[in-house]
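Start from the sequences, fold in the hints, and give me the full structure.
Here's the letter readout for the chains.
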Amino acid sequence: MANVGIVIVSHSPKVAEGAADMVRQMVGDDVPLAWTGGNPAGGLGTSFEAIVEAIHRAWSDAGVAILVDLGGAETNSEMAVEMLPEDKRHRVVVCNAPIVEGAVVAATEASGGASLGTVRRTAEELSP
Amino acid sequence: MAESTHNLMDSDRKRRLITRLAEVVIAHADELTALDAAIGDGDHGHNMKRGFEAVLQDTETLSAMALPELLRAIGVKLLSKVGGASGPLYGTLFMTLGKQMPAAPLRGGIADALQGAVEAVKARGKSDVGQKTMLDVLAPACAAFATGNSLSSVAETARRAAEATVPMRATRGRASFLGERSIGHMDPGARSAELMIAAVCEEFGGT
Chain A
1 MANVGIVIVS HSPKVAEGAA DMVRQMVGDD VPLAWTGGNP AGGLGTSFEA
51 IVEAIHRAWS DAGVAILVDL GGAETNSEMA VEMLPEDKRH RVVVCNAPIV
101 EGAVVAATEA SGGASLGTVR RTAEELSP
Chain B
1 MAESTHNLMD SDRKRRLITR LAEVVIAHAD ELTALDAAIG DGDHGHNMKR
51 GFEAVLQDTE TLSAMALPEL LRAIGVKLLS KVGGASGPLY GTLFMTLGKQ
101 MPAAPLRGGI ADALQGAVEA VKARGKSDVG QKTMLDVLAP ACAAFATGNS
151 LSSVAETARR AAEATVPMRA TRGRASFLGE RSIGHMDPGA RSAELMIAAV
201 CEEFGGT
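Chains as they are written, first to last, in my numbering: chain A, 1 to 128; chain B, 1 to 207.
Simulated from the structure, these hints should not be mistaken for lab results. Among the hints, a few may not be true.
[Unchecked claim] The list that follows gives simulated cross-link-like pairs (lysine-lysine, DSBU-like), each with its CA atoms no further than 30 Å apart:
(1) A:Lys14 to B:Lys126
(2) B:Lys14 to B:Lys122
(3) B:Lys126 to B:Lys99
(4) A:Lys88 to B:Lys14
(5) B:Lys99 to B:Lys122
(6) A:Lys88 to A:Lys14
(7) B:Lys99 to A:Lys88
(8) B:Lys99 to B:Lys14
(9) A:Lys14 to B:Lys14
Pasting the structure below:
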């Protein structure tokens, strides 16, 4: 069984890439990982289409956990999940967790073969 | 708009409607961005402009579509081009309208579709009226339309509702981070919703 994949969605490509670097440092290539940041014009913001692509890049049959920063990242991510094909939609979750710590903790959990539910729960334990 | 809009929604009408919607948003882009800069991240106008420029480019294709497909296509365009939270929120509004709008609707059918779309925006944004968001304009304007008010009165309701967001304290969206400091500014999403409602009411006002 493949490990759960991780997607990092920030308003800033630098934040998303930096968080992904920190994840890689922890889990290497054991976890499918993708990041995206920036709006459709390349400024700060998030892009629905780029998030859909990132989910596909980090796809795992075990599911994908998405870590987001602020409002639009969450709303766009939730919309991206809902627009996925039926068979994939139920295997993707948006975690209510801080983006950097959440991504590292979620990926570490995922690298041990944990289920999507466990990966999400572990990340969300970081939120008060 | 008392009777069926079937004859009222020919392709000329659709073209004018799309153009009016897009042009009013584009013309007010700087104002919307300034409102957003005061209490948010200052990108609302530019984001909406980018979305409606893409809509405008497709005016010919869009105006050849049946009304439900047209609305849905505008929603998809806004979703993919706007970014920010307003992309998925306005995307959801138009896509739900497309899903629920009968091809040749009576006023009651339009009101039901509008109500459904407002509910979908609430769900998408996990928000409700009173939080200083676009919903504070969409909901009352939609209710005014449903009760059979004239279109000019619906537009007036939207205008007053946007104005009424000024003294509100934001409890949703990035403006909520400002707490008390969000008071005294009009919500940018409320203003963009008002502008679009006014454009639609103006287009159909004479019929």
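Evaluated hints:
| no. | hint | verdict |
| --- | --- | --- |
| 1 | A:Lys14 to B:Lys126 | holds (28 Å) |
| 2 | B:Lys14 to B:Lys122 | holds (27 Å) |
| 3 | B:Lys126 to B:Lys99 | holds (20 Å) |
| 4 | A:Lys88 to B:Lys14 | violated (36 Å) |
| 5 | B:Lys99 to B:Lys122 | holds (17 Å) |
| 6 | A:Lys88 to A:Lys14 | holds (28 Å) |
| 7 | B:Lys99 to A:Lys88 | holds (23 Å) |
| 8 | B:Lys99 to B:Lys14 | holds (17 Å) |
| 9 | A:Lys14 to B:Lys14 | violated (42 Å) |
Of the numbered hints stated above, those contradicted by the structure are hints 4 and 9, listed in ascending order.
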